[in-house]
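> Add 50 to a position in the sequence shown, counting from 1, and you land on the number used in the numbering used here.
Take these hints with a grain of salt, some might be off.
[Unchecked claim] Here are the simulated DSSO-like pairs of lysine-lysine, each with C-alpha atoms no more than 27 Å apart in a straight line:
1) Lys145 <-> Lys175
2) Lys588 <-> Lys318
3) Lys535 <-> Lys367
4) Lys234 <-> Lys145
5) Lys588 <-> Lys197
6) Lys185 <-> Lys229
7) Lys461 <-> Lys505
It is worth saying that the hints were derived from the structure and are not from the lab.
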Amino acid sequence: MILMQMNNITKRFGADLILSNIKLEVHTNDRIAIVGRNGAGKSTLLKIMAGELSHEEGELHKPKEATLGYLEQHTGLESDKSIWDEMIAVFDHLKAMEKQLRQMEEKMADPDLIAKEEQYQKLLKDYDELQLRFKNDGGYRYEADVKAVLNGLNFGDFDLTTPIATLSGGQKTRLALGKLLLSKPDILVLDEPTNHLDIDTLNWLEHYLQGYPGAVVIVSHDRYFLDKVVNVVYEISYRSSEKFYGNYSKYLDQKAANYERDLKQFEKQQSEMKRMEDFIQKNMARASTSKRAQSKQKQLEKMEKVDKPKGDQKSAKFTFDINRRSGNDVLKARDLSFQYEDSKKPVFENVSFDVNRTERLALVGPNGVGKTTLLKNIIDKLSPSGGTIQYGTNLQIGYYDQEQAQLNSSKTVLHELWDEYPMMDEKDVRTVLGNFLFTGDDVLKSVNSLSGGEKARVALAKLMLEKSNFLVLDEPTNHLDLDSKEVLESALMDYPGTILFVSHDRYFINRIATQILELDGTDTHLYLGDYDYYLEKKQEEKDIAEYEAQQNPTVQKEAKDSKNQFEQNKAEQREARKRKRRIEEIEQEIVELEEVIEKNDALLCEPEIYQDHEKSLELTETNEQSQSKIESLMEEWEQLHEED
Numbered sequence: 051m052i053l054m055q056m057n058n059i060t061k062r063f064g065a066d067l068i069l070s071n072i073k074l075e076v077h078t079n080d081r082i083a084i085v086g087r088n089g090a091g092k093s094t095l096l097k098i099m100a101g102e103l104s105h106e107e108g109e110l111h112k113p114k115e116a117t118l119g120y121l122e123q124h125t126g127l128e129s130d131k132s133i134w135d136e137m138i139a140v141f142d143h144l145k146a147m148e149k150q151l152r153q154m155e156e157k158m159a160d161p162d163l164i165a166k167e168e169q170y171q172k173l174l175k176d177y178d179e180l181q182l183r184f185k186n187d188g189g190y191r192y193e194a195d196v197k198a199v200l201n202g203l204n205f206g207d208f209d210l211t212t213p214i215a216t217l218s219g220g221q222k223t224r225l226a227l228g229k230l231l232l233s234k235p236d237i238l239v240l241d242e243p244t245n246h247l248d249i250d251t252l253n254w255l256e257h258y259l260q261g262y263p264g265a266v267v268i269v270s271h272d273r274y275f276l277d278k279v280v281n282v283v284y285e286i287s288y289r290s291s292e293k294f295y296g297n298y299s300k301y302l303d304q305k306a307a308n309y310e311r312d313l314k315q316f317e318k319q320q321s322e323m324k325r326m327e328d329f330i331q332k333n334m335a336r337a338s339t340s341k342r343a344q345s346k347q348k349q350l351e352k353m354e355k356v357d358k359p360k361g362d363q364k365s366a367k368f369t370f371d372i373n374r375r376s377g378n379d380v381l382k383a384r385d386l387s388f389q390y391e392d393s394k395k396p397v398f399e400n401v402s403f404d405v406n407r408t409e410r411l412a413l414v415g416p417n418g419v420g421k422t423t424l425l426k427n428i429i430d431k432l433s434p435s436g437g438t439i440q441y442g443t444n445l446q447i448g449y450y451d452q453e454q455a456q457l458n459s460s461k462t463v464l465h466e467l468w469d470e471y472p473m474m475d476e477k478d479v480r481t482v483l484g485n486f487l488f489t490g491d492d493v494l495k496s497v498n499s500l501s502g503g504e505k506a507r508v509a510l511a512k513l514m515l516e517k518s519n520f521l522v523l524d525e526p527t528n529h530l531d532l533d534s535k536e537v538l539e540s541a542l543m544d545y546p547g548t549i550l551f552v553s554h555d556r557y558f559i560n561r562i563a564t565q566i567l568e569l570d571g572t573d574t575h576l577y578l579g580d581y582d583y584y585l586e587k588k589q590e591e592k593d594i595a596e597y598e599a600q601q602n603p604t605v606q607k608e609a610k611d612s613k614n615q616f617e618q619n620k621a622e623q624r625e626a627r628k629r630k631r632r633i634e635e636i637e638q639e640i641v642e643l644e645e646v647i648e649k650n651d652a653l654l655c656e657p658e659i660y661q662d663h664e665k666s667l668e669l670t671e672t673n674e675q676s677q678s679k680i681e682s683l684m685e686e687w688e689q690l691h692e693e694d
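Throw the hints in and build the complete structure from the sequences for me.
Listed below in structure tokens is the structure:
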């Protein structure tokens, strides 16, 4: 069922054209990502969908009965109620139905009414209908739903009578998300829902949205999140939209393949046009070939021209280098603890770890566990309450602050860099800034007037010029659009120094980290691998812990059964991983076969091919074999999904 349809939507702010010719459909159970550069108009599009902004041209259709819920970026829940009262208010209609049921039950016990057979039977019928509606709408589980959502959004240990007005901005944002999830609109529209969420909460939200009963439309810079949740991607680029099927990674693959295909078609046509133009020029004046040249001229004029495909918009370009190499031992931390003077408990304690040259160590853990505080201890912005930090030889530390507090808001972009490096020529400073997409008069903007993404690029430009051999990065991907994140990842992957970083961007962690250090406030746990390896080991630890918890030394049979169950679970998990890999292989094979069919169909349309009977027959047979193979693969694909 189509829940929303947008055709040729155009939006302007004054004379500025923001969106043009936008086409988008939302079907039941769609999981849609809207992607594009910062400033491409993604949030504007969501506001048009939600009815908060008008549009100048085009049509937007949505069935009257279809409900839509919209979570704006940076929106916090403002309320005088407690956490519980505000969340449970979503179900006021169920509480009203419940009250009505109790009133009907009282009437059903009235002897006078029982004596009136016709009225009594009508009451029983009405009661049954209302009770069924109450049950189907979740009347017997809404309190459990509220608790589940609050637990998932990290409010499990909160006093639920806490007034919302006393909470932080991030907590209010999570509650706004929670209230919207509980209301279960047919179309759930979320603008950057992963902000202010730690990794455990992100994992919960992914699973929740995967099973959501309606459609979901998301704008997010979290690529790992998009890979897990979405099945359709709309890219907003050059003010227009283009649709791709699959998750974010498949979108990137399809986009690259489409560009290569379109470029080849363009180049082929350009070559054909050049050949025809040369023929016309050489033969138009000759009496013997003039008619053929005129025919070619008409053919050329009627030819439907293929536009040159638009490549990606300009991206930042930078690399990180070092002035000199550090020693092999970069950092040794032993039994570190930190506690603020006015606090009754430490932020963290018992933190010990080593960092060696060229390692990439990611710090992970729930919000509030002290990751940023630990980084500030390491760069000597805060002094540890206990323990020691030993630095290696020839160490030069470069620090990226997620708040960009090191930027001077009163300076221009140009002088923010030039004042740090006064011996550089202005031309060279401008070249560096140009690599970070600051061109022309952009460099004369005040830092204070910049967006979050622009400030992040200025901070990265300063960090690049330092040429430090040990980078300490606190949430370096915050405020960056998807393209800038990929450029940063490439630069860090080629960096010859050492990196210690904090990030909630699991895709970024997976590409950069060689080790994961998990903080829980009272201890540390080191995992020698990337983020996917860390998840596997965490699941393995959980399985072992559950198995050991089930052990009962007095009941050997139960112990044996538990062990067998553990082994069976591991075997099932292995099979599930095999099925997942095979599904991905099948999907890739189908894509390749469809490309073969498409290529052959294009060849069959060319005169020199369809006039060649043998060649035509060969291509047709190849297509039939490919189509048969696709059907066979689809059957296997469906069977594997059923087994899941």
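> A separate judgement is required for each hint: does it hold in the structure or not?
Tested hints:
Under the criterion of a C-alpha separation no larger than 27 Å, the hint pairing Lys145 with Lys175 is consistent with the structure, at around 20 Å. Proposed proximity of Lys588 and Lys318 is contradicted: the alpha carbons are some 52 Å apart, above 27 Å. For a cut-off of 27 Å, the pair hint linking Lys535 to Lys367 stands: about 11 Å separates their Cα positions. Using a Cα cut-off of 27 Å, the hinted pair Lys234 and Lys145 holds, with the two alpha carbons roughly 17 Å apart.
For a cut-off of 27 Å, the pair hint linking Lys588 to Lys197 stands: about 25 Å separates their Cα positions. Between the alpha carbons of Lys185 and Lys229 the distance comes to roughly 21 Å, so the proposed pair stays at or under 27 Å and holds. For a cut-off of 27 Å, the pair hint linking Lys461 to Lys505 stands: about 12 Å separates their Cα positions.
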